[in-house]
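Going by UniProt numbering, the residue at position 44 of the sequence shown is 44; the numbering climbs one at a time, nothing skipped.
What the hints contain is simulated information worked out from the structure, not anything from laboratory work.
Hints are supplied without guarantee of correctness; some may be wrong.
No farther apart than 25 Å at their CA atoms in a straight line, the calculated lysine-lysine pairs in the BS3-like style are these [what the hints assert, rightly or not]:
1. Lys51 / Lys346
2. Lys349 / Lys282
3. Lys263 / Lys346
4. Lys275 / Lys346
5. Lys19 / Lys51
6. Lys51 / Lys22
7. Lys38 / Lys240
8. Lys51 / Lys320
9. Lys146 / Lys65
10. Lys349 / Lys96
11. Lys279 / Lys346
12. Lys71 / Lys38
13. Lys101 / Lys49
14. Lys235 / Lys208
15. Lys371 / Lys147
16. Lys346 / Lys320
17. Lys321 / Lys340
18. Lys330 / Lys298
19. Lys65 / Lys235
20. Lys346 / Lys282
21. Lys263 / Lys340
22. Lys349 / Lys280
23. Lys320 / Lys330
24. Lys296 / Lys321
25. Lys65 / Lys49
26. Lys320 / Lys38
27. Lys177 / Lys235
28. Lys71 / Lys49
29. Lys340 / Lys323
30. Lys49 / Lys349
31. Lys38 / Lys96
32. Lys169 / Lys240
33. Lys158 / Lys367
34. Lys320 / Lys49
35. Lys320 / Lys340
36. Lys235 / Lys64
37. Lys96 / Lys71
38. Lys183 / Lys169
39. Lys280 / Lys330
Every value quoted in this text rests on a predicted model; they were computed, and no experiment measured them.
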Amino acid sequence: MDESVVTPWEVEGEIDYNKLIKQFGTDVLTEDLLNTIKKYTGDLHPFLKRKLFFSHRDLGWILKKYEEGEKFALYTGRGPSGHTHLGHLVPWIFCKWLQDKFDCEFYFQMTDDEKFMMRPDLTLEQTHAFAYENALDVIALGFDPKKTFIFSDIDYAKTLYKISIQVAKNVTTSTAKAVFGFKNSTNIGMVFFPSVQAAPCFLPSVLKGYNVPVLIPAAIDQDPYWRITRDVAPKLGYYKPAAIHNMFLPGLEGPSGKMSASKSDTAIFSIDPPKEVDKKVKRAFTGGGQTIKEHKEKGGNPGVCTIYQYLYFIFEEDNKKIKEIHDGCKRGEVFCGECKNLLSEKLVKFITTHQENREKARDVLDKFLLKD
Numbered sequence: 001m002d003e004s005v006v007t008p009w010e011v012e013g014e015i016d017y018n019k020l021i022k023q024f025g026t027d028v029l030t031e032d033l034l035n036t037i038k039k040y041t042g043d044l045h046p047f048l049k050r051k052l053f054f055s056h057r058d059l060g061w062i063l064k065k066y067e068e069g070e071k072f073a074l075y076t077g078r079g080p081s082g083h084t085h086l087g088h089l090v091p092w093i094f095c096k097w098l099q100d101k102f103d104c105e106f107y108f109q110m111t112d113d114e115k116f117m118m119r120p121d122l123t124l125e126q127t128h129a130f131a132y133e134n135a136l137d138v139i140a141l142g143f144d145p146k147k148t149f150i151f152s153d154i155d156y157a158k159t160l161y162k163i164s165i166q167v168a169k170n171v172t173t174s175t176a177k178a179v180f181g182f183k184n185s186t187n188i189g190m191v192f193f194p195s196v197q198a199a200p201c202f203l204p205s206v207l208k209g210y211n212v213p214v215l216i217p218a219a220i221d222q223d224p225y226w227r228i229t230r231d232v233a234p235k236l237g238y239y240k241p242a243a244i245h246n247m248f249l250p251g252l253e254g255p256s257g258k259m260s261a262s263k264s265d266t267a268i269f270s271i272d273p274p275k276e277v278d279k280k281v282k283r284a285f286t287g288g289g290q291t292i293k294e295h296k297e298k299g300g301n302p303g304v305c306t307i308y309q310y311l312y313f314i315f316e317e318d319n320k321k322i323k324e325i326h327d328g329c330k331r332g333e334v335f336c337g338e339c340k341n342l343l344s345e346k347l348v349k350f351i352t353t354h355q356e357n358r359e360k361a362r363d364v365l366d367k368f369l370l371k372d
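Please model the complete structure; the sequences and the hints are all you need to start from.
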């Protein structure tokens with residue numbers, strides 16, 4: 001029985017990504033598309049090589065527009081309910097690479113309104129403050145301030161509202177219920193909110209006065225928003241937004257679900273001290289045997305190992321090295337402690353550098369912001 005749950009607000013259980021592609025009606029990221037990307041970029045990002053990004057909507061169309069001379073804009077965002085963790089950074093890191101390779105503008109939405117309406121335990125002041133803390137993590141990745149536009153829904157409401165109500169007028173309550181699972185107990189703010197998250201898909205076109213193709217790199221749980229946005233776009237005279245979806249980074253407790261800010265012990269946060277990062281890695285779930293003896297005899301299972309997943313998808317780009325880890329684990333010759341030490345070293349180095357850049361970002365934050 002498949003007990004996995006994937007919605008914009010909840011991801012639980014072991015995820016079958018092939019089933020998600022069928023369920024959501026997206027397309028597999030093919031080798032042909034990857035080769036087309038490579039034609040323009042010279043090389044593929046490790047996230048593409050290792051299939052961390054696996055699904056898309058209209059990526060081929062976006063690349064065709066680019067070939068015809070139409071630059072696309074990037075759009076993604078963050079629901080600021082707490083501090084940024086490693087899973088949040090995945091699409092942002094990819095956006096930075098896309099900005100560098102395709103010389104495109106990047107629009108980043110901070111949905112402080114949504115998190116306030118969704119979470120009874122959070123005040124508007126808290127979500128608003130978290131938004132700007134999260135923005136520091138975006139800037140720390142090295143985006144171009146002349147081509148990067150970060151905005152809070154609250155502080156950019158005047159501009160966003162004009163777009164949002166045009167979207168809302170074209171989405172029925174029955175559609176919203178069917179796509180998002182809203183119930184009679186759902187507050188009306190949340191029912192309206194999908195039109196707010198749709199708005200940045202059309203923001204570049206509104207600001208420039210002509211149609212701009214938009215590509216959304218994001219985890220696949222956000223895809224329901226783009227489904228309704230794509231339905232509405234032609235009615236408003238805009239291009240349908242394209243999307244490229246990444247898999248979820250698992251929490252440190254194991255392969256079920258995704259890394260979550262609400263489970264602080266199982267997530268690596270951008271503000272975690274290096275010693276805390278090391279401690280969390282050392283406690284993480286692995287695919288190794290219960291004892292050294294068992295591991296030697298039966299080998300491990302890197303397919304369910306959180307440590308291996310982090311190395312494979314993010315922190316070990318060397319194909320030869322990652323194959324040695326994978327095969328050595330299965331043979332019972334590479335032990336969990338070795339892999340944990342390797343990941344901890346790489347992760348601590350990454351987080352330390354990120355935190356230095358994050359502090360520098362405070363001085364330049366205003367250069368990136370859109371406000372009414």
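A quick look at each hint next to the structure:
1. Lys51 / Lys346: At roughly 21 Å apart (the allowed maximum being 25 Å), Lys346 and Lys51 satisfy the hint.
2. Lys349 / Lys282: At roughly 16 Å apart (the allowed maximum being 25 Å), Lys282 and Lys349 satisfy the hint.
3. Lys263 / Lys346: holds (23 Å)
4. Lys275 / Lys346: holds (13 Å)
5. Lys19 / Lys51: This hinted pair holds, its Cα atoms lying about 16 Å apart.
6. Lys51 / Lys22: holds (17 Å)
7. Lys38 / Lys240: Holds, at about 24 Å.
8. Lys51 / Lys320: holds (17 Å)
9. Lys146 / Lys65: Status holds; Cα separation ~23 Å.
10. Lys349 / Lys96: holds (19 Å)
11. Lys279 / Lys346: holds (14 Å)
12. Lys71 / Lys38: This hinted pair holds, its Cα atoms lying about 17 Å apart.
13. Lys101 / Lys49: holds (16 Å)
14. Lys235 / Lys208: Holds, because 19 Å separates the two Cα atoms, which is no more than 25 Å.
15. Lys371 / Lys147: With Cα atoms ~15 Å apart, Lys371 and Lys147 stay inside 25 Å; holds.
16. Lys346 / Lys320: OK: Lys346 and Lys320 at ~17 Å, within 25 Å.
17. Lys321 / Lys340: holds (15 Å)
18. Lys330 / Lys298: holds (8 Å)
19. Lys65 / Lys235: Holds: Lys65 and Lys235 sit about 21 Å apart, inside 25 Å.
20. Lys346 / Lys282: With Cα atoms ~13 Å apart, Lys346 and Lys282 stay inside 25 Å; holds.
21. Lys263 / Lys340: holds (20 Å)
22. Lys349 / Lys280: Holds, at roughly 15 Å.
23. Lys320 / Lys330: holds (16 Å)
24. Lys296 / Lys321: holds (20 Å)
25. Lys65 / Lys49: It holds: about 23 Å lies between the C-alpha atoms, which stays within 25 Å.
26. Lys320 / Lys38: Holds: Lys320 and Lys38 sit about 22 Å apart, inside 25 Å.
27. Lys177 / Lys235: holds (21 Å)
28. Lys71 / Lys49: holds (24 Å)
29. Lys340 / Lys323: Between Lys340 and Lys323 the Cα gap is close to 16 Å, so the pair holds against 25 Å.
30. Lys49 / Lys349: Within the cut-off at roughly 23 Å; holds.
31. Lys38 / Lys96: Holds: Lys38 and Lys96 sit about 16 Å apart, inside 25 Å.
32. Lys169 / Lys240: Holds, at about 17 Å.
33. Lys158 / Lys367: Given that 25 Å is the threshold and the Cα spacing comes to 20 Å, the pair holds.
34. Lys320 / Lys49: Measuring from Cα to Cα gives roughly 14 Å; hence the hint holds.
35. Lys320 / Lys340: holds (18 Å)
36. Lys235 / Lys64: holds (23 Å)
37. Lys96 / Lys71: Roughly 16 Å between the alpha carbons, so the hint for Lys96 and Lys71 holds.
38. Lys183 / Lys169: holds (20 Å)
39. Lys280 / Lys330: holds (24 Å)
Hint compliance for this structure: every hint is met.
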